[in-house]
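Novice: Sequence:
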Amino acid sequence: MHRSKVALFLLGLLLVATFAVDVRAQAVYGSISGRVTDPQGAAIVGATVTVTDLAKNISRTVTTNESGNYEARSLVPGKYQVRVEQPGHKIAVQEVEVRADVDSATDVGLEVGAVTETVTISSDTLELGLKTDRADVSTSFTGKQLQELPIFNRNFTDIILASPGTQKLGWQHAASENPQGSTQTMVNGQHFSGTAYQLDGTDNRDPILGIIVINPTLEGLSEAKVTTQNFDAEFGMATAGVVTAQTRSGSNDPHGSAFIFRRNDILQARDPFSQSTPNPLISGNRKNGEPRILPESLWSQFGGSFGWRLLKDKSFIFGDYQ
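The sequence shown lines up with residues 1 to 322 when you count with the numbering used here.
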């Protein structure tokens, strides 16, 4: 009897894993899809579409169906190259930006010619166009934006306030129960605990305090997304908003960063109304006394990140510190 229960349990885990593979997991990954056509606009069946991660040089190949459509799922956010090949036509190459929870529509029109000829399809921008696969209302932030936006204390949870309909709660959890410095934020007037947090697709919300558990460093993120309305049913625990974040990865080429922030009262501006007149209690050796001093303050924050490969085109590593 005991063995049969163990067998049923293992079978259940196998079924869960099997169904999980079929799920698109858009909260973590993105996808590229589109239609391949000939010069007359007719669908091309059986065209070979190779999708390559430009940073890792890892490729995946799919073929177009009877309608000329193709789709590459579960792609880690980043820049990809889409290469379309079909006998009797020139090879078409295009770069595409992939983001988590977004389907990047990339239609390709092939030109008649030799397969030794290549046509590079370029665009003025890699920004995504109008979303037609979902109706969520969201604000996305690239890794560059996260690292360069002027956030006072480089707190990731403060990035939520850059989205419309958000407001910082008047009171915050004590530091003793919130050492990660999570900011309590209301989305569209809802209670702050109704906001769900996801880190690489994993639930990242404290079930009791309703705040983020792992507050990632900005140097370690590739992108983030704040969804305030019409989020997918997979976020069943959310009632206000959903905050998803994806960590960075290593690549074939070494890359890293370093930063330091130091603030003190020496370089701070004085309030012209309350700190411009001399303070009679501080005269010292000056005749008219010294200007009202600023409150003493000191804030030092430093860190960095580094990523590279362990095995070229196969295994990569990335780490960050703050």
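Just so you know, the hints here were simulated from the structure itself, not pulled from any lab data. We put the beta carbon where it would ideally sit given N, CA and C, even for glycine. Among the hints, a few may not be true.
What the hints assert, rightly or not - Here are the simulated distance ranges between beta carbons:
| no. | residue 1 | residue 2 | range |
| --- | --- | --- | --- |
| 1 | 161 | 263 | 17 to 23 Å |
| 2 | 107 | 207 | 39 to 45 Å |
| 3 | 50 | 253 | 37 to 43 Å |
| 4 | 300 | 162 | 21 to 27 Å |
| 5 | 136 | 258 | 31 to 37 Å |
| 6 | 74 | 267 | 47 to 53 Å |
| 7 | 261 | 137 | 28 to 34 Å |
| 8 | 62 | 142 | 43 to 49 Å |
Novice: Hint by hint, say whether it matches the structure.
Specialist: Going through the hints against the structure:
Between residue 161 and residue 263, the C-beta spacing of about 20 Å keeps the proposed range 17 to 23 Å intact. Residue 107 and residue 207 have their C-beta atoms about 44 Å apart, which keeps the hinted 39 to 45 Å range intact. Against the hinted window of 37 to 43 Å, the Cβ-Cβ separation of residue 50 and residue 253 comes to about 21 Å, which falls outside the hint. Residue 300 and residue 162 have their C-beta atoms about 25 Å apart, which keeps the hinted 21 to 27 Å range intact.
Checking the proposed 31 to 37 Å range against residue 136 and residue 258 shows it holds: the Cβ atoms sit about 36 Å from each other. Distance hint check: the CB atoms of residue 74 and residue 267 are about 48 Å apart, consistent with the given range 47 to 53 Å. Remark: the range hint 28 to 34 Å for residue 261 to residue 137 is upheld by a beta-carbon distance near 33 Å. The supplied range of 43 to 49 Å is broken by residue 62 and residue 142, whose beta-carbon atoms lie about 26 Å from each other.
This entry does not satisfy hints 3 and 8, going by the numbered hints stated previously.
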